[in-house]
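Engineer: Listed here are the chains, written in short residue letters.
Number of protein chains: 2
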Amino acid sequence: MTMNERHPHLMKIIIVPLLFVAAAVAASADEGMWLYNQPPRDLLQERYQFNPTDAWLEHLQKSCIRVNSGGSASFVSKDGLLITNHHVGARKLEELSTKDRDYVRDGFCAHTLAEEIQCLNLELDVLESIEDVTARVNAAVPKEADPRAAFEARRKVIAAIEKESLDQTGLRSDVVTLWQGGAYHLYRYKRYTDVRLVFAPGAQAAFYGGDPDNFEFPRYDLDICLFRAYENGAPAKIAHYLRFSPGGPRDGELVFVSGHPGRTSRLLTVAELENVRDRSVPFQLNSLKRREVLLENWSARSGENARRAKGMLFRAKNGRKAMDGRLAGLLAPDLFPAKAKAEADFKARLSATPEFSEALAAYDKVADATKTLAAQSVRGALLEGGQGFECESSGIARTLLRAGEERPKPNGERLREFSDSRRASLELDLFSEAPIYTDLEKLTLADSLTFLATELGVNDPLVQKVLAGKSPRDRAAELIDGTRVRDVAFRKKLYAGGADAVSAANDPVIELARLVDPEARALRKVSEAQTEAKAQAHAAIARARNALLGLTGYPDATGTLRLSFGVVKGYEENGAAVPAFTSLGGLYARASEMKNQPPFDLPAAWEKRKSRLNLGTPFNFVSTCDIIGGNSGSPVVNRAGEFVGIIFDGNLQGLTWDYAFSDKQGRATSVDSAAILEALNKVYDARELAHELVNGQRNR
Amino acid sequence: MTMNERHPHLMKIIIVPLLFVAAAVAASADEGMWLYNQPPRDLLQERYQFNPTDAWLEHLQKSCIRVNSGGSASFVSKDGLLITNHHVGARKLEELSTKDRDYVRDGFCAHTLAEEIQCLNLELDVLESIEDVTARVNAAVPKEADPRAAFEARRKVIAAIEKESLDQTGLRSDVVTLWQGGAYHLYRYKRYTDVRLVFAPGAQAAFYGGDPDNFEFPRYDLDICLFRAYENGAPAKIAHYLRFSPGGPRDGELVFVSGHPGRTSRLLTVAELENVRDRSVPFQLNSLKRREVLLENWSARSGENARRAKGMLFRAKNGRKAMDGRLAGLLAPDLFPAKAKAEADFKARLSATPEFSEALAAYDKVADATKTLAAQSVRGALLEGGQGFECESSGIARTLLRAGEERPKPNGERLREFSDSRRASLELDLFSEAPIYTDLEKLTLADSLTFLATELGVNDPLVQKVLAGKSPRDRAAELIDGTRVRDVAFRKKLYAGGADAVSAANDPVIELARLVDPEARALRKVSEAQTEAKAQAHAAIARARNALLGLTGYPDATGTLRLSFGVVKGYEENGAAVPAFTSLGGLYARASEMKNQPPFDLPAAWEKRKSRLNLGTPFNFVSTCDIIGGNSGSPVVNRAGEFVGIIFDGNLQGLTWDYAFSDKQGRATSVDSAAILEALNKVYDARELAHELVNGQRNR
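Residue numbers (the numbering used here), protein chains in the order written: chain A, 22 to 721; chain B, 22 to 721.
One should not assume that every hint holds.
It does not matter which identical chain is meant; a pair holds if it fits inside one copy or across any two.
[As the list claims (entries may be wrong)] Calculated lysine to any residue pairs in the SDA-like style (CA-CA distance at most 20 Å, straight line): (1) K331 / P233; (2) K463 / P354; (3) K120 / E454; (4) K392 / V479; (5) K362 / Q485; (6) K258 / A711; (7) K514 / E413; (8) K491 / E594; (9) K331 / M615; (10) K616 / D121; (11) K177 / R157.
Bear in mind the hints are in silico, worked out from the structure with no lab data behind them.
The task is simple: from the sequences and hints, build the whole structure.
Structural biologist: Okay, structure coming up:
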């Protein structure tokens, strides 16, 4: 599963709070991505007689890591060792690889600190505290402001809160919008930016079974990657880290998942969900399939092409499979009638009482805003979302252009990604020395210019200007050959020099971004205002709902730390039982069943070391914990707070959890901690790492 | 290149005659897909001092074969031996293959007549005569009839002409619409339906380099397949067959291609071409990429899946690469301005003379009809074109349903595919014992039902009826599990029993076809009338053009026999010369360069037999002959009428020949006859076949 994807330019689908839906469902299953400051104590007590102490919660919270480029992780040693998924770390492996040294394919193992390799730009965030700032945010927004003015007032106060917090604490400070505008919480993070690669298996072990087995179960994947956080040139001293359980979890055991689910859409109104089904998802699927075909075929042309495109291709295939599953869920005959009935029932209650007339009317406001957003969604995705100009150079060029324009403005009036509190992260990203391949840049840019021309029409005035009288292929070649943004020193110079330096550089890709920017910004402005309009409408619905039902449940996922719980549990499929666990021996059986043909061929190291292994060791397992993309790399812990596994996937039936949770068949998939130890010890000869995991510290 | 695709349900893009464009271009290059009854004698005389005799033309014409399922071929022995491409024959190889015997992958060689294997349903047509019936067709259409009435009158007279001819001669008789309605010619064919497989190389030799090298040059493909036509249980006695040249052609030599180009769009008006660029091609590309992703990933799940889907996947990939190339051509900055200028210049001439006012007005009529067709094109493609119900069962079910309704009608009033003259071919196809795989049927049907639902909207009343309250996947499974149309005896019973038997069967897939049919037929009716309206408009333009410029040139391709000419000639690319020929030795060099990784791995037989081969033997070559999809398998002959090669592809630069010919870089790609002999003798130990080719008859 991918949620390790960051799309800084993508216009996000707006999510609306229909709290009663969440509350209704939560009662019947171990559903929920709970806030750490509103944990599900009653549910845990009632169902599992478990009452987490504040210390238990704080320890788990502070052991968890947000991988800023997308994904989750956790500390597992007081010496800064941390574990995430291979597919979360893969982008860093890619950046460190060259034609002759392919860490993604071949893996890596540092047997000493000296062998650990510093990543090019990797930010890890650990949540230190949460503060409710809802009252201050809302107080700053005038009651009668129109949506655009309200948006600007809200942006301004949020930027001020973040800046104050950063100045006072030195911690990264993000105000998070919860319940689609029902609440605003300030999250403060400790940042780690010196992160070094410690261990990765080869891709074939990490992603055994490839696309065919992705989102399936049974599975046999060692989808892990170990890094170490450093401070001042030495391994960071970590107070909160998870004790590693050598034995893993038992079948039926209560377990917790603590991580950073990216985005769910469980609380949409029917009108919004219809838009997702009829427009957003089909459009994204179309783009993903287009990209998959492009990269698959380019990769087939040479081994080096395949290496260069591997991560991007994986993300396209992974996204496509997830999105196909979601569309299937949206087309399933039960989903919409249930949503529609719940909405109709609630509206009926609203219409019975005059004081809720505003809430009732809010549904139409949401529908209107949805319609306005839908009307510009394709243009928005192409121009502001960047899908018409897909390549690293375009993204960098626009950041430079906008940085020159935004940075002189007051903090509270800038596009949010240029606010003071986000500056360090933005610069880390912008000045990354990660390699950029001109052939791949031309390939993706030419394809997306073609997409732009066919979607908006060749005769569209902006398209004509973008293509400048050339074919998409020739124009892409000219742009990529002509730009200097691949040179980090050049980026630094322009960033420091501001708008004048950016203009003077006369760089073709920056000038292309300048050409597009007025319309892109205009689209974004409309989007921001409509989003605010929706938020206000939903706030009205939320107020009515709180009055009628009381506050309960959990908000839709927002890429911030959440706690889920559930049990290790198999399921039934096509009349047959699917057990909760696979074993290391199952890997060999699967390879044999599939005649050892790719993507089911045994990784060489595993073939060689078979006789050493205890084949009965649990390998992967499923649980009913509520997860979504972004949870990749989340630790699975038991009541004792011990690390018993790591989330790396969900099954196909769980793909619809974006819209509605069900544990009938849907499951979260993890690597068992026992398999991690067995593999490190016996397949990879990484005994010192296994020792560090078991002891919670390096061998001294 | 694929043109061996038949899409009986696809609404075809309408093509309009702008004769002056063809004429203008023809003057500057060896352009042209010439009619056998209007050969380019003057051009050949003027440029190459070559004057083909009537006997030369007749011999070539009658040596050529149309593969009714798509593609071209030619006789090369008096004993019925014929040669086509591997990718043309592949569908027949697939139908004869099973899980344990894969002729596509492993190839086949019959060393005796007894070893030859009868194909399940393969019709070969040899053109015996051409008769101009324009006057009779036009006389039957009342001058003042509206488009629908005109269409019906024209359909009626064409059916009558075909039926008369069939009854009189026993030959398959097709009236062909040329110049988009400017002329109607009756083509009579001798049919061969007992066709046996003689030789095929394995797919890796036939399609070496796979998708990456498809439409590229240099190439190293043995893309051939040998069959033998039988009559009365013995090899057919063939009067006209091509003498096989053991040496192949020389660089710079004049050569001819005689085959069945499928469809070109060189004579569209600008309005029509814009529709192709902005709607038809993007829509088709979207469908092809969707299908490629679906089948690629299903194929990766097991070797048997891959075998079952192989042909379909090849066609999707091949079509996608061709269509991507065409779109690039349509987006190239020179194509549209040139077309627009030519049209504007001609319109200016028309407007200068009042007698041409009808021709001038005709452009608007074409544009109006194009607009009407565009407005229903997606619904048309999904419902009448069958893209919403992709699977063999759906096609068979609809044929049975419509046969029951159409066959009782008078011949001249039926949907054209049910006319008496097409009956034998239709029945050959309908009663084929070719295997149908339920898993693949469910896969493609579920995917296309999803496509239908997202394109037309889930709430579309017809979509609701089609899905019947189920998810696309469940509905597809229910339909495929429930249908009996895979049983040929069942098909025969329903076909013989007519509409009552079809109704009584209550087969779920037939009932689905019945549900869709009223709207599908209505869409087709609109399409037929608009097509007629366009044809009438274009006839007016053509009359004006003939008056102003005189009749010359060749009509757009229509899947019927055409003669092209050109020279064997390399080209320049990125500043480097691409020689006209590759050699057998080049195959080994290419494999080595690509580290022998798929799809560049050497075929096992070629690896083993390398030392036997004369590595200097020419392998593939390019020429300036004007071809398009459908020409696959066309013989390349020299002035002496000898077989010197076989067309199997064009290069990327030739992909825009659909819209405009240019021999600046565009080339047709062939297998050299010398390579065929060398491979048969030394790689495949098929000496008796090599002997038959060289001697034009079997060894006796």
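Engineer: All hints, please: hold or fail.
Structural biologist: Hints and how they fare:
Proximity of K331 to P233 under the C-alpha cut-off of 20 Å is found in both arrangements, the shortest distances being 16 Å within a copy and 17 Å between copies. Proximity of K463 to P354 under the C-alpha cut-off of 20 Å is restricted to the inter-copy arrangement: shortest distance 18 Å between copies versus 43 Å within a copy. Taking the shortest Cα distances, K120 and E454 sit within 20 Å of each other inside one copy (16 Å), while across copies they are farther apart (51 Å). When the C-alpha separation of K392 and V479 is checked against a cutoff of 20 Å, the pair qualifies only between copies, where the shortest distance is 17 Å, while the shortest distance within a copy is 26 Å.
In the homo-oligomer, the alpha carbons of K362 and Q485 lie at most 20 Å apart only across protomers (19 Å), although the nearest pairing inside one protomer, at 48 Å, exceeds that limit. For a Cα distance limit of 20 Å, the shortest separation of K258 from A711 inside one copy, 19 Å, qualifies, whereas the shortest one across copies, 78 Å, does not. Within a single copy, K514 and E413 get their C-alpha atoms as close as 18 Å, which meets the 20 Å cut-off; across copies the closest is 62 Å, which misses it. For the identical chains of this complex, K491 and E594 are inter-copy neighbours only, at 18 Å across copies versus 54 Å inside a copy, given an alpha-carbon limit of 20 Å.
In this assembly of identical chains, K331 and M615 lie within 20 Å of each other by CA distance solely across copies; the values are 18 Å between and 23 Å within a copy. Proximity of K616 and D121 under a CA criterion of 20 Å is satisfied inter-copy only: 15 Å between copies versus 30 Å inside one chain copy. Taking the shortest alpha-carbon separations for K177 and R157, only the intra-copy value of 12 Å comes in at or below 20 Å, while the best inter-copy value is 80 Å.
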